[in-house]
Every structure is written in structure tokens, then in C-alpha cells.
Amino acid sequence: MSVPNGPRIITSRFDLADGHTYAGYVRTNGYQSLRKALGTMTPQQVHDEVKAAEIQGRGGAGFPAGVKWGFLAADVHPRYLVINGDESEPGTYKDRMLMELDPHQLIEGILLACYALNAAQAFLYVRGEMAVAQERLAQALNEAYANNIVGKNICGSNFSVDITLTAGAGAYIVGEETALIESIEGERGMPRLKPPFFPAVKGLYMQPTIVNNVETLANLPYIIGKGGGDFKALGAPTSTGMRMFAVSGHVNKPGVFEVPNGVTTFRMLFEAPEYCGGVRNGGDVKAFIPGGASAMWFFPEHLDLALDKPTVDKAGSMLGSGAIIVMDQSTDMVAACWRIVRFFARESCGKCTPCREGTTWLERVLKRMLDGHGRPEDIDLLFEVSESISPGLAWPPRQTTICPLGPSAVSPITSAVRRFRHEFEHYIEHGRPIDGVESPFVVPTASHR
Amino acid sequence: MSRLSDERLKIADEVIGRFPRKKSALIPLLHLAQEQDGYVTQDAMVHIAEILDLAPAEVYGTASFYEMFKFHPIGKYCINICTNISCQLVGAWSLLHHAEERLGIKAGSTTGDGLFTIEDVECIAACTEAPAVQVNYRYRYRVTPESFDALIAELEDGKLTGEFPPHGTLATIRQETTEAWSNRGTLEQEQVDAR
Amino acid sequence: MTDIAAPKTTVSVTVDGRTVEAKPGELLINACEHAGSFVPHFCYHPRMSSVGMCRQCIVEVDGPRGKALVVSCMTPVAEGQVVSTTSEPAKRAQEGVLELLLANHPLDCPVCDKGGECPLQDQAFSHGPGESRYVEEKRHYEKPIPISDLVFLDRERCILCDRCTRFASEVAGDPLITFTSRGNDTQIMTFPDEPFSSYFSGNTVQICPVGALTASPYRFKARPWDLEQVESTCTTCSVGCRTVVQSSRDELVRYQGVDIESVNWGWLCDRGRFNFESVNSKNRVNAPLVRKDGALVDATWSSALDAAGRILRTIINDKGPSAVAIIGGARGSNEDAFAWATLADLLGINARDAQLADGLPAEVFALPQATIAETCVSSTVILLAPDLKEELPVLYLRLRDAAEKRKTRIIEVSPRATGLTDYAWKSIRHDPGDQPRVVRELIAMPEVAAQLALGNVTVVVGRGNLAESPEFALLATGAVLHAVPEARVLPVVRRGNVRGAIAAGLTPRQADGDTNSILAAAAAGKVECLILLGADPVVDVPDADLVRRAFASVKHIIAVDTFVTESARHAEVLLPAAAYGEKVGTTTNCEGRVSDVAQKITTAGTARPDWMIAAELALELGVDLGYSSYTELHDAMTTTVAAFAPAAVAKAVRHEGVVVAHPAPVRITAAASSAAPRLTHHFRLLVSRVLYDRAVSTSESPSLAPLARDSGVHLHSSDAQRLAVREGSDVRVAANGSAIVLPVVIDDAVSRGVAFVPFNQHGSDIRQLIRHDVAVTDAVIEVV
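Chains as they are written, first to last, in the numbering used here: chain A, 1 to 449; chain B, 1001 to 1195; chain C, 2001 to 2784.
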């Protein structure tokens, strides 16, 4: 199987022993794009290059970063850049690598963004559970400050920016941008309603704020160095550049790959020897999740779709945060569905009634099924409760909640129950999975709260 | 019993200085308290409230939202075993069960000698390296029952104190505020507040 | 020429087919209500910011991008919006949210205080599914836990609407309760060992949309369907909050705040809310008491009135009416005061004072006045007042709101930090007696002068220090009025109906007719009979020595009261008065607003309203007040007293009440100076009230009585260090030839060199050191 090729842009230093140090970064052309921008470009020109690159945000929603920047309320200062390093969508693994293995690349991206946005302060929020990433970023920032890369009069210019490194403390919901802002303000990470609280207008400290994902910003040194057009040409016109995908689950070689965006297909990722090298034990795909736990599931008929935003959207799911989870034929779909719902139930912030009460209810019904106490009416109940969280059970989801966390818990239910209804019915009738499927539990789930 | 030590108070001052508003330092200061005592004590929350001009209830309200903050002593080594979907698919529950048997405790509890706490946690962003485990928020990948036992043995023997600082300590390198700090954003914010 | 239409200042919205005009920026939920469509809701409260948490108020809006479900409590109206509160998707969403709210809610309505008046219960009945499909185990928490001395929390019933927590932080500024934990485990809690001891905690009980928060004074007292209620006005302090008074089986069981725009916005302080217990007290005087063989014994009304009449007749015949004086009247209604003033007029008694030497000279009520609402939209408010959080708590809420949300700048000039200090633009500390000088210097500062030049300045003036002549606050007020002639004044006094009693005529009709003069005359043997109208000078008059001397000399005391107070103990005749809730009338608050107080229950025993007692006594003395019913009395008052004319129509005094006309402005000249500076080793005394003290309405309310603190002398930590005393150390405080021993409280809110002692607390009585003729009191403090 031949797969489309492309350069390693943001993962280029991953194999270097000192790729995370200032010396290693500078030796490999680091901070050249920053010097180029400060020396030869206006902020508007930097912004224009990012627009030309048409890079889609890598955090999950896939909104074009250049367009997002354009929403920033004009002439209102102070304005802030917030970097979302709170990677925690199940299946997602790439921002942590970028922070641990190439922190200076991220810092350079942050500085380019601040330059384009005319922002004087950036807040780099790293997930609390990532001690090494925090350490590497602290080290890199200290080096960068010491080398006049961050802080007062950067590289001798009149451009000054401070980057404040801060860490979360364990809450998935803080990955939602308004909840992230609340968390930086020292509050409980509960999302704000949009409108009125669009960050670009009323964000951090009620000032205009851009929230960008780590991977998005890590691409900026390349985009400014080589030009937006060059970046765009690397992928498909509808999904530009290179992009990191983490493929986990039942494949022979799970891994994180930087591939040409929009042209590589799911089948290539799963089967090509340079990527995952096939489903484990020579088996077949039963289902896969194309974009993190919040996404609708895909099935074998979707294998030849390209990793292209409009293509995947149209097929009824999303590429999300580049998290692909593969399930082979031995997978217990009731257990898989339960585990994802349990995640959202545990991570609900508790603000909106439908999510706080509904996700827990769904989780309990599913767990009861797994424990052998399912009732025939439970399948309808799952849909009914889901409907109260996400009216119409459609994709993209509508929601009775402030943020999409609640509706995300509905995705695995509609995906799994619609496709594998017989597996749920079997659990209800027999208290165990269908033949040929392995329960992931060595003891009844009741012992695992 | 534990307000922040003078040494950590100095760090706290620096942290506060990196934000336009004091309350933003709340989570970082809670981490400092947990680093000092292994958990967040009631006195530390009162102290942090004093430092940040908050009511202790506001400190507790924020702190209790985030699951990393513990309000009672836990093990020196907090072992987080991910059971989320990518890890579940490749045996995380067997690993957790094994860990419970090996240490003689259920997930969410601490061994009698105060050395280990096991937690059944959500995705820790190591999905391609499943089953993934963290010890005090530092990783071990593709953990098997055998490698888990080896890890426990080494931790018990004190051989891994370099790799795994005690619970509460996250990054061993901190951001520093130096002369190069520009302070422009903070000054701008002060002007906004004054209006 | 074409017609140019006036720019449209409203927004047209169509709700369920009806088009209404709404204010731009108004929330959809209000527009729906105006259009006659009730949208169910739990977290939304019109006096607090919207959070959109409960999601119950979802409606369907047909907008430019098609139909969408939105929460109406966070969506502003937009021109041409077409809204459906009852479309299939809207109904489905509302029913879905309701089912989820009920999933974990216990089915304990029959034993829940809220049952019968519970929005969740009402919703469940009218729109609920009937039977719960939630078969999983519900959340379990320890059943109600006390989160303060007054409030219990049942976390199982809580629906996490954020109302109580928002109230605590946003309205009261006491963020002592908070959401803790997360998701399905979220709960309301206090910090361990730090209770929700807010002066406003009762409001959270009132606004809780379920029975999660209950108040100990009401728990299990009544069921809503047994309650009778009537709207009234609280007279605990002079704010005059609007309330409903509720009773069950002819006993007061609860007061609830009523939202009126001009005064309290629905809020009450806990003291005003819970002191109904004192009306029900077993210690009430139920029958007249007459002294017989040295002891007060029960008597009939006729024999008691006969005794009182005999005393008065004899003294007036023998010594003339100048030998009789009346103290009090501010605890009653306007009509009560008017009746007693009429009686005094008929008998020729000129020495009468509704204030107990602890208020303000009556001339302050004749200055250009500001209402509470006007004060709270002022550009600048200058506080020359006591700690409003302690004395007029709901006015504190209004001013805090003005400073926090409405850009009013507060300038506070006070010897100690107060509840409003954190919200003040400037807060200046000074020694008692030095306020006039400090104010003159302050308003000369360029920054302050520029602020005052914006106009719209209000001075809130009150009696900040009972150990200091009120003249200083008046001089300071005069200094402001001199510099800003158009500034207005909001006089704040603690007692409920001081203004009304004064307007009705219970104010000196001669130069030396005020309470201090009356007591001095009594001490000198010139006043032989004191009539006490709900007044307890033994406890309330600051100069204790003066009271002691007066009571030792005066021959006869006739008391009209609800309890045998310290003062009434000395009476020869005690006539039992009807209490709050037992009589109708009108009252006048600090801004001059007249509103009605209602009767809800039968009077205790044979107690009678004050006015009726005046009328009976008049008959006994052979004079006629000219009215025999409350209606006749009210008519007589509104026709006789010009100030009350606007209150003539009963309708006018209901709900919002009516601000009555003010007498012609009187200028205060700013000539005199401040008090002499104190010696460096002296402490200048600051004595002022805190919310909970030994006042009879507090001490006779079992729920409130324990909240009064022990007396102590509050010193700045540097002063404590200088004296080498610690928290709790006993010190001897000596001044004006007297001395008392008090424990030290270290309190950096107090200015250096000032000794603050809360008034009327348990323990040593600071009034022993206060002299009415000493302008400021300097004390020597020594370690015992």
C-alpha cells in the first residue's frame, strides 16, 4: 500500500536527544521564523500568512485559526493569547509530545501569534497531570527569557511579550475554552455561555482573548518560515498541511503519526506498514472512533474515507483532536460504550442539569446492563435520556446544555446502540456479552466504581 | 497544621506577580501547598485565602473541583491506572485488578504503610502506549502485570526516588520571574481595572 | 418633507403568537412573562446575574439561522424575534430537564417545609411525567446539616441552581457557601469550621427553589396551606423593608421579603426576618401591671388606667404639665405617635422625645433629602454614618450594589473599617470628634473635588458613635453642603419609626425637652412622672449615670410596653402594648417613606395598640382625642399633620409606600470646629451598635439571642502591642471618673488610638463611661 508522503514539520525534533533544549532548537533553525517576522514582517503580514495557510485548529472544532484571529475585538487592550495544553480527550496524544519534546517550537509559535495579534501577554495552560511537560516548558521558558526571546524587547525589537506558564489540576472540561479561561481566573472550570462570552470579545478577565491549541501554534514557525502557501500545499485544499494523528486500540503498532492532512485514509493509517501495520491478530475492524471519545463511531464502510474535515463531517462524525481508536471484532461494544459514557459522567462539571444528571443516569443504566441487571425498556430509556441532553440525536449535535460535553456522552450511545443493538439486547437477556466477544473485565464491574 | 513555608511564600509571590489578578494564582498556590504536605491541608487553604484576599470557602470551592487536589493524606506514590477506552481495549481492567491484588487495596485507597495509593483514572494522553500508568504524574507505558510488579518492587526499595518525587511534587523546574519580565500585559490590565 | 419617525426605543418580540414591546437588552424570560407566557425556571432570579444552569427555561426561537432552543434567562430580546414557549421541541426540552432534576430529588414532599410552595413540586405536578423512570439509587447525603446557627442544608433536595451561592457572593458579599466537588457529586458547602454566618442568610432560604435550605425558626412550624399572610413593613430598623407577615393558628411563623423597587428588592436581614419569635415570647406582658406593696401585680385595665390617670392628674394639678415627660414612641406606628402627641398637646406636656439620646438632632430631617433609590444612583455617596452592615443591613446591600455594579463612588469617613470599606472609593480613618476637620480637608483634595464636581452627591449621615456628640457628624455634613450646595442627605437612625414619631409630634416642644434634658430634669426633681412609650432608657440611653440618677429621683413611671424591660421594672403602672403584627398602622422609614404595617394575629392577652391606650387614658383624664377607631385616627393624622397628607389614601401606603413632603430646608452652618486632639496615651472611645445585641426583640427571640456577643474593647494590634495585651486579656478602661473591665479584642479595622466597644452586649456596660455633656470620651486603658 502506498501512502502519501510529506515532511515532518512539527515532529522534526522528536528523535533528537536535545530537541527540547534551547541549544538543540537553535541549532536546528529554531527561532528563525520569529526573527524573520520581527525583522521583515508586519503583524498583519503574519496574520495573512496564517490565513493563507488555512490551518484548521487542532484542538477539536477544526475552525480555521486565521479566521478565528480575525474575530478579536479591534483596538481593545489588553488582549490575551491563551494556549490550551489541557489535552485530555480520550484517545488524544500529541500536544503532550509537542510540549515535552519540542517546547521551544511551541514558544516560537506563541510569540508569532502574539505578534500577529498585538497581544502582550500569553497564558500557557498545561494539563495538571503532565509533570514532565510542565518541567520542559518551564526550562524552555527560562532559557528563552535568558536569551531575550521572551520578555522585554524581544531580539532587540520593540516587541515585548510575557508568557505565563500555569498548570491545571485535573478536570477534562477545562479543555473547553471558556472553562479554561475560568480556570486561569482561579475559578471552578465551568463553561460560560456563548453568547455573550465569546472569548474573542469577552474572554480572560473579560478582555478579548484568543484560545489556541498547542499543535495549532506549533505549526506557526513552519508557516511563517516557509509561507502559508507552502503549508497549504502539503495537504488537501480542504484540510491543509501536515497533521498529527494518534492511533490506539487494536492495531499492531499503535502510534502517533504526522501525515499529510486530508489525503491519507483511515485504511492507510491502520494497515500500512509504516503506520500501524494492520489490526492485531490479523483481525478486522469492527468499529473505530475517528476523532476522540466525543465523536460518532465509524465502521468498516468508512475505512476508505480520507482524513479530511469536510469528508468526515459529511459522513456524520468528526476528526476532532486527531484521536483514532480502533476496535476489532472481539470488542465488547456495550462495555466500550459504557466506558466512554462513564468518562463524560465523571468529567461533567455539574453546571447544566441535563449533563450533570443525564450523563450519570446513562452511565448507571449501562453499568446495570453490564452487571446483568438490564431491563428490556432500558434501551429506549437510553435514547430518551439522550434526547433530553441532545434533542434530535442528530449530528452535529444540538444541545440543551451550555457546552458540548453532555451531547458528547450521547455519541457512543447512538453509535453503539444503533449499530450493535443485538449486543445490548443480549446483555439484557443473558447478562453477558454475545459469543465471540470478550468482556474487558476480570471481575464484575461493580467492584470498579 | 501547615501554612505555606516562607520559602514557598516567596515562590507564591512570584507566581502572583505573573498574573494580572491575584485569584489566578489560586490553582498554582494549591499545587504549592500539596507539594509541601503531600495533600492540601485546611490550614493551607486558610493561608492561601489570606494571601489572595478570598474567603476560605472560595478556595475550597475551586480546589475541590479539580481531582488532583487531595484533602486527606494519600500514599507517597499515587499510582494512576488509566482505564479509559484505549487502555480498556488492551487490558487495563486486568492490570487494575492485578494492582489491587498486588497491593491488597481497592482503587481509591492507600496501603497501610502509606506508600501507595491506586486510582482508576481517566485518559492520561498516552493512548498509543496503553495500558498507561502514572506514578505521581510521571509515566510508565505498556504496563503488564509483570512490569507493574517490578515497578512496585523498585519503588518499595527506594530505587526510583529520582524518577518519581513524592506525591505533590509536579515539575521539579519552575518558571522564574527575572529582569527580562516585561509586565506590559499586567500594566495594561491595571489601567483597565482603574477605569 | 417626509415624516421622520422617532427612533424606536423598544424591541418587538412575538411570544406564542402575541407581540410585545421589550426594552433593548431585556432578557427573553421577562419578555415572555410580559406577554403572558410563564416560562418555568429555577436558577433565574431577577435580582441576580443569570447563570443559565438549570436549563429549565428553554424556549424555541426562530431566528435568522432557523429554529433553535435557547435558555430564555440568558438570551436578550432581539427585534423581530419569534419565540415559542410551548412548541413541541421546547416542551420536550423542558420536560426532559424536569425529569432529570427530579431524578435525584427525594420524594419527601410530605415532610418538607417547602412542600406546598415549592416551584419544583408545582412543575412536577403540572408538567412532570407522573412516575419516575429513574430506578437507580439516588444521591445520599447526611440529612440536614446546620450550615449556620439559623440555616440547615439538605443536600439531597438541592438542585444546584446556584441561587444561594450567588446571593452570598454577589448580593451579600459573604462568599461563605460555595459549590464543592464536581459533576454529579457537586454540592453546596461551607468551608470546614467556618459557618455561613452571614447577616443575610435567611434570604437564601427564601430564594431556594426547593426545600434544600430551611431556617431553624420556621422548620416544621407550619405547612404552606395552613399559612395566612398579609403584606407589611418591617420596623426593626429604619430601612423599612417590605415583608409579608405569615401566621399559622394565630401565631406568627415567618416573615418573607417582598421585592419593592424603592427599598429592599426582596431582601431582609436575619434580625428583621427572624425576630417574629419575640412577638410569640412567653415573657410578653399580657395584662396590665400595677405596683402593689412594692411589686408589680396583674390588674384590670380599668384599675390600671385609673391608677395611671390618678398619677397624671395629681402631678399636673399640683406641679403643672412640665413635671410630666414622655420618652419614646419610635417603636410604634405613626398613628400611635400621633395619638400620644395629641394627648400630650391636650395636657400641655412639652417635654417629649421619640429618640433616646442615641439618634440625630431632628433638624437633620429638615435638610434637603435623598431617598434610598436616589442615594444608590448618586455619583458620590459620602458616608458619615455607623457601620450600615450592622445597623441598617439592607441599606448596606443597596449601597454595596451601587458601588459594585452601578459605578457609585463611596467616600467613607469613619473611625473604623466597616462592611462597606471594601467597596469604598476612599475610606478615611479619623479620631472620633475629628470628622468635621477631616471632611473639610478631604473635599479640598483635587481628586475628591473633581469627583464631587460631577454632581449628584448624597451624604448618608447617622450616629456613628454613641460616645460622641452627634454635632460633629452634623458639622461634617454642613461642610459638605457648604462645598456642594445641591448635595442631599439621607439621615440614618437605627430605630424603626423615629422619623414618623417626630413628624407626628413626639419631638420636644421646648428647648430642653429632649431625652437627656428630661432625664437631667428628673434627676433634679423637676420631672416627677416619666411616661415610657416602648422605650427602655435604662438600656438604650448612652449616659448610664444620668439614667441612674433620673430613675432614682423620679417619683412615678408609667410604661407602655410589650415586655417588662429593665426600665419598665421601675414602673408604677405598666400597660401592655400590642406588638408588631398585632396592630394596623403606618410607619415612616429613614427616607420619609410612609407605608403600612398590617395586623396578622390577635394581640397577646389583653394588650392594646399604643394609640388606643392614649385614647383610653385621655378619657380617664377627661380630655377627648376626637377619634375612637383606627380609621378616624388615621384620617385625623393625615389632615392635621401636613407631612402625612400624601399618606391620606390608604392605597398610597401599600406596597411601595409614599415619600412624604419634607419641611422647609434648614441650613447647618459649618462654623464650629472639631474636638480637641486626644493625648497620645489616651484612647478615644468609639461606641456603636452591632446587629445582634441585647435589644428585647433579639433577646426574646430564641434563635437570635445566642448571636449577641460578649462585650469587649477592640484595639488595633499595634495598640495592643504597645499595651502588652493579648486577645482576651482583661483591661481596665477608665474615663469621666468611672471605670470598667473588659476583655481585649484585637481588631485592625479600628483606627490606632481608638477603642471600639460594641453597644449593649453581654458583660461590662460601656455606658458607665459615657457622659451626655462630654463631646468626646478619652479613656485610659490599663492592664488589670
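Calculated from the structure, these hints are not laboratory results. Glycine included, each C-beta is placed from N, C-alpha and C at the ideal position. Any given hint might turn out to be false.
Anything over 10 Å on all C-beta distances counts as not near chain C; from chain B, calculated [what the hints assert, rightly or not]: (1) Gln1042; (2) Ala1057; (3) Glu1101.
Restricting the straight-line Cα-Cα distance to at most 25 Å, the calculated cross-link-like pairs of lysine-lysine (DSS-like) are [unchecked claim]: (4) C:Lys2319 with B:Lys1023; (5) C:Lys2067 with B:Lys1022; (6) C:Lys2282 with C:Lys2221; (7) A:Lys253 with A:Lys68; (8) A:Lys194 with C:Lys2138; (9) C:Lys2426 with B:Lys1023; (10) C:Lys2405 with A:Lys194; (11) C:Lys2138 with B:Lys1106; (12) A:Lys202 with B:Lys1023; (13) A:Lys194 with C:Lys2221; (14) A:Lys314 with A:Lys51; (15) C:Lys2023 with B:Lys1022; (16) C:Lys2023 with C:Lys2407; (17) C:Lys2319 with C:Lys2526; (18) B:Lys1022 with A:Lys202; (19) B:Lys1070 with B:Lys1106; (20) B:Lys1023 with A:Lys194; (21) B:Lys1010 with A:Lys152; (22) C:Lys2067 with A:Lys314; (23) C:Lys2138 with B:Lys1023; (24) C:Lys2405 with A:Lys202; (25) A:Lys194 with C:Lys2023.
These are the hints, each one checked on the structure:
| no. | hint | verdict |
| --- | --- | --- |
| 1 | Gln1042 | 6 Å, violated |
| 2 | Ala1057 | 4 Å, violated |
| 3 | Glu1101 | 28 Å, holds |
| 4 | C:Lys2319 with B:Lys1023 | 72 Å, violated |
| 5 | C:Lys2067 with B:Lys1022 | 42 Å, violated |
| 6 | C:Lys2282 with C:Lys2221 | 17 Å, holds |
| 7 | A:Lys253 with A:Lys68 | 36 Å, violated |
| 8 | A:Lys194 with C:Lys2138 | 32 Å, violated |
| 9 | C:Lys2426 with B:Lys1023 | 23 Å, holds |
| 10 | C:Lys2405 with A:Lys194 | 22 Å, holds |
| 11 | C:Lys2138 with B:Lys1106 | 23 Å, holds |
| 12 | A:Lys202 with B:Lys1023 | 18 Å, holds |
| 13 | A:Lys194 with C:Lys2221 | 44 Å, violated |
| 14 | A:Lys314 with A:Lys51 | 24 Å, holds |
| 15 | C:Lys2023 with B:Lys1022 | 37 Å, violated |
| 16 | C:Lys2023 with C:Lys2407 | 22 Å, holds |
| 17 | C:Lys2319 with C:Lys2526 | 9 Å, holds |
| 18 | B:Lys1022 with A:Lys202 | 19 Å, holds |
| 19 | B:Lys1070 with B:Lys1106 | 17 Å, holds |
| 20 | B:Lys1023 with A:Lys194 | 23 Å, holds |
| 21 | B:Lys1010 with A:Lys152 | 23 Å, holds |
| 22 | C:Lys2067 with A:Lys314 | 22 Å, holds |
| 23 | C:Lys2138 with B:Lys1023 | 35 Å, violated |
| 24 | C:Lys2405 with A:Lys202 | 17 Å, holds |
| 25 | A:Lys194 with C:Lys2023 | 22 Å, holds |
Checked against the numbered hints listed earlier, the structure breaks hints 1, 2, 4, 5, 7, 8, 13, 15, 23; every other hint is satisfied.
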